[in-house]
Amino acid sequence: MLEVNDLQLTYRLGSLSHHALKGVSLSVGRGEFFTLLGPSGCGKTTCLRSIAGLENPDTGRIAIQGATVFKDGASVPTEKRDIAMVFQSYAVWPHMTVAQNVAFPLEMARVGRAERDERVRKALAMVGLEPYADRSATMLSGGQQQRVALARALVKNAKLILLDEPLSNLDAKLRDQMRVELRELQQRIDTTAIYVTHDQDEAMSMSDRVALMRAGELIELGNPADLYLRPRHRFTAEFLGQATFLPARFERDEERGAVFSTTLGTVVTTQRRYGEASAHTLAVRPEHVHIGTADELPDGLDATIVSRLFSGRMLEYVVRIGETVLPAHATSRLLFSAGDRVKVSIAAENWIVLED
Amino acid sequence: MPTLALGAILAYLVVAPLAALIISSLRPTGFPLDDGWTLGNYAKAYGNVEFLSLLSNTVVFAVGATAVAVSTALLLAWVLERTDVPGRVLFRIMVLIPIAIPPLLLALGWALLGNPRNGLINQMLRPFIDGPLLNPYTMTGMILIQGLSLVPTAFLIIAPTLRNLDPSLEEAARTCGAGFLKTVTRTVLPMIAPALATAGIIILIACFVLFDIPGALGMPSRIYVLSTRVFYLMNNSPTGAPLYGEVSALAMLFLVMLLAMGWAYRRMTAQSRRFVTVTGKAFRPRMYRLGPWKWAVAGLLGLYVLVALLLPLGVLAWMSLLPYPTAPTMDSLSLLTLENHAGLFESDAFVGSVGNSLTVAVVAATLVTIIGGLVSWMVVRSRLPGRAVIDNLAFIPLAIPGVMIGVALIYVYLALGSAVPIYGTIWIIVAGYLTQYLPYGARLAGNVMLQVHNELEEAGRTSGGSPAKVMLRITLPIVLPALLGVWVWVASHSLRELSTALMLQGYDNSVVTTLLWDAWAGGDVTRSAAIGIWLIVGTSSLLLLWQLVSRLTTRTATN
Ligand SMILES: Nc1ncnc2c1ncn2[C@@H]1O[C@H](COP(=O)(O)OP(=O)(O)OP(=O)(O)O)[C@@H](O)[C@H]1O
Ligand SMILES: [Mg+2]
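First to last, the protein sequences are chains A and B.
Counting in my numbering, the first sequence runs from 1 upward without gaps.
Counting in my numbering, the second sequence runs from 1 upward without gaps.
By construction, these hints were calculated from the structure, which means they are not laboratory data.
Cβ atoms here follow ideal geometry from the backbone N, Cα and C, with glycine treated the same way.
One-sided and incomplete, this derived list gives chain B residues near chain A with beta-carbon spacing under 7 angstroms:
1) 456
2) 459
3) 464
4) 465
5) 466
6) 474
7) 477
8) 478
Please put together the full structure from these sequences, using the hints given.
Right, here's the structure in full:
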C-alpha cells in the first residue's frame, strides 16, 4: 500500500541546516493502522508531510499503491496523490460552512452535484455532524472542528489517510472517545491510516503497528505488544513505559534462553543475547516486579520496602535488593510499609534483553 | 514563471528608477540617456560647506523628531495601557485620530498658531510678554511638530507590547524584592526594547525621507534637510535649470544610509517575527494606581491632545471660515462665512484635483494591494525559487525619499518618451506611488498572510486542489477582508502624499495636496485652510468606512 525507502530530508534556513529525516524506510500494508511515534521534533510530521507531498525530501523513494510518487527529487504534486490528510490545527476553512468544507474535495474531483450532496451527507453522518451542515465552520467547538476535518478527509474515499496528531488539541475525555471512534471508522471504511502522535498510550491503543522514531531515524517497528514486552532498544523500552535497566554480563546459553549475572545475582531469561558481546543491558518493567511475603514467594530475593505511593488504582513501591533500588507496581491486594522486609521475584519471561 | 512575471514588474517599478538615479549621477548633464561619464556631480554635491550643514541638519532633524515621537508615544502608551488614569478609552481614540490628518496640515496649523508675526497664539500673548513666544519656522519647531505627527505611528507599535506584557513577569520581579523603578528598568524596559527599537528605526527612516513638514516650515527660513534640498535644487535652483546630476549624486549618500537602516530594521523585525507566539493565555495587565496624581496625568494628556490635535485642527477650521485671516474674537465671529468652501466647489481647479486625487488613490491602492499581495504570498507562503530576491526588491523603496522617487521617475519617463507617454499626467504619479508604497503594501499583506495558518492551504492541496485553485478558493477569500485594510492604508496615504506629486507636477495633473501647497505658497491662507479641511474629510471618511467594513466583516465571521 505504502512503501517508503531510505528517505533523506534536510531543512535549510540560510546557513543553518537540520537533517530531519536520516534514511527512513517503512512499508505499510492495506487496511493497516500504522503509527509514527516519537518525541517532539523527531521528524514524524516531516515524514508524514513528505508522504503527502507537502515536503520535498532530498533523496529516497515513496510509492503509494504501487505507483511511485516520489523518487530522488522527482515528485508527483500533492493534489494528484490518492491521499487525504487531517491536520493538527484541523485547518477547517473559516469562510465556508461545514458542508462546503466537506464538499470541497469532491468539487476538486469534479463529482456531480447530486452525488456530491449525498456523499457529503454520508460523511457528516459518519462523524455525527449532520445537524451542523449549514453552520459556519468558525462556530464549532474544537471537537466538532476536528470531526469536520475528519469528514473532509473521509469523503474522498482515498485509499490512504494521513493524520497528524489529530487528537492533541482535544481535552482528555473527548480524546479517549475519539480514539475509539477513529479506529472504528478506519476499520469500517477499510482504509489505510498513517497516524502521527507523540503519545504512547494513543499509539499503543489504536495501532496495528507502531514505528518508533528518534532524531530523524526509525529506531524500531512492530506491533504494540511486542514493542512493549520485547523492545530491542533501550530508547523503545523507556519511551513506551517505565523500566529499570541493569548492566549484565553474559554467562551461558540454556535451553529456554540466555543466563546473565547482574547485581541481583544470576538472572535467567527466555531470550537470546544479541551478537557475541558479553556486556549487555537487561530491563524489567515495574509491574513485573512481584512483591510478596516470605510464605508467598519462598524462592524470591530478599528485599526492603524503601517507599510507598498509593495512587488508588495501584501501589507504587520502591524496593531495595542489596545495593540495587527498583520500582515495583502492585495491586492494592497487600499493603506493605516502608522498612518492611519482603520477597521479590521476577519471572524469566519478564526480563527484557536489550540490543544496546 | 510567476517569479519571472513578478520579477519583471518589480524591476520596472524599483530597479529602473534606481538605475536611472545612479546613472544620472554619473552623467555630465545629469540625464541618464545622454553621453559621457563624470564624477563632477559628486564633487559639486559634496565638495562644499553647504553639504556639511545639510548633512547635520538632516541628522539633527531626523534623530530629534524620532526621539520626540518615540518618547512621547512611550509615555502615552504606558499611561494609557498600564495606569488607571481616567478617560483612557477617549484618550486612546484622541491619540490615534491624527493618523487621518496629513502632516502638512499639522504644519500649516502650527504655522498659523505660532507664526512670529501674526500667529494666533503670539498675537494673543502679545499684551503679556514681549517678542513672539513661539516660532515653528525653526529647527526646534520642525522637530517638535514632525515628532508630534509621528506619535500615533509609534504608539501603534509600542502600545500592544505594553498591553500584552505578562504581568506575572513584573510581579515575579517585585516578589524578588525589586522596587518600582528596578522593576521597570530591569524587567519592563528589556521586554519592550524590541518594540521600541522597531518603532525607533522605522520612524528614523521616515524622518529622513519625509518632506511635508520641513517643506512647509523649514524652506521659508532656508533650513534645508535632504528632501527639501532635493526639491529646491530641482525647482528653484540658483541657476534656474534643474540640477539633475547634482541631485542624483546627493541622493546616493542618503540612499546608502537609508538602505543600511532599512536592512537593520529588517533584521530586527525578522527576528522578532520568528519568536512571535500568541499563547492565548488570558491575563489582566497589571494596572498601576496613580492615586491623587491621576487628575494631573489626565490634565497632561488633555494638553497633549490640545497641542497635537485640537489647536492645529481648530485654527484650520477657523481660518477656512473667514474672508481673511484674523484672530478669534467676539468681533470676528460676525465675519464667519462658508464662502471659501463654496468657492472651492465652484472652482474647476479644485474639482479637477479632487477627481485626480481620487483616481490616483483608487488606482494606486488597488495595484499596490494586488502586487503587494502577490509579493507577500510568494515570500511568506510559496517555496518558489527567487523569492528572496523578490522580497529584497520590494523592500528597497522604503528607503527612497518621495522626492527622489519623483526625480527618478522624471528620468525614466523622459527617457521612455513616447513609448510610455505618461510624463506630466496623473499616471506618472500613480507610478510613483506604486514604487513608494510597495514596501508597505507587501509588509502589511505579509502580516495578513502570516496570520493564515499554512495548513489551511495545505488542506486544500490534500483535498485535491491545484495551487491555483487553492489560491482562488481558499487563500484569497480568507485574506480578502484584511487586504481591504492594506487598500485603505495605501489609498489614504496616496490621498495625503505631497512630495512625489509635487515633483511630478505637470500642467493638468494637480492633486488636492499640490493644489493646497500652491495656495499656501501663494499666501492664500483661507483657501488653503478650506482645502485642508476637505482633505481631512477625505482621509478620515476613508478610515471611518474601513472601520465600519471591518466591524461588519468580523461580525459576519462570528455569526
Ligand atoms: N520548515 C522547517 N524548517 C527548518 N526546520 C524544520 C522545519 N520543519 C521542521 N523542522 C525541524 O525538523 C525537525 C523535525 O520536525 P517535525 O515537525 O517533523 O517534528 P515532529 O516529530 O513532528 O515533532 P512534534 O511532535 O513536535 O510535532 C525539528 O527539529 C524541527 O525543528
Ligand atoms: Mg509534528
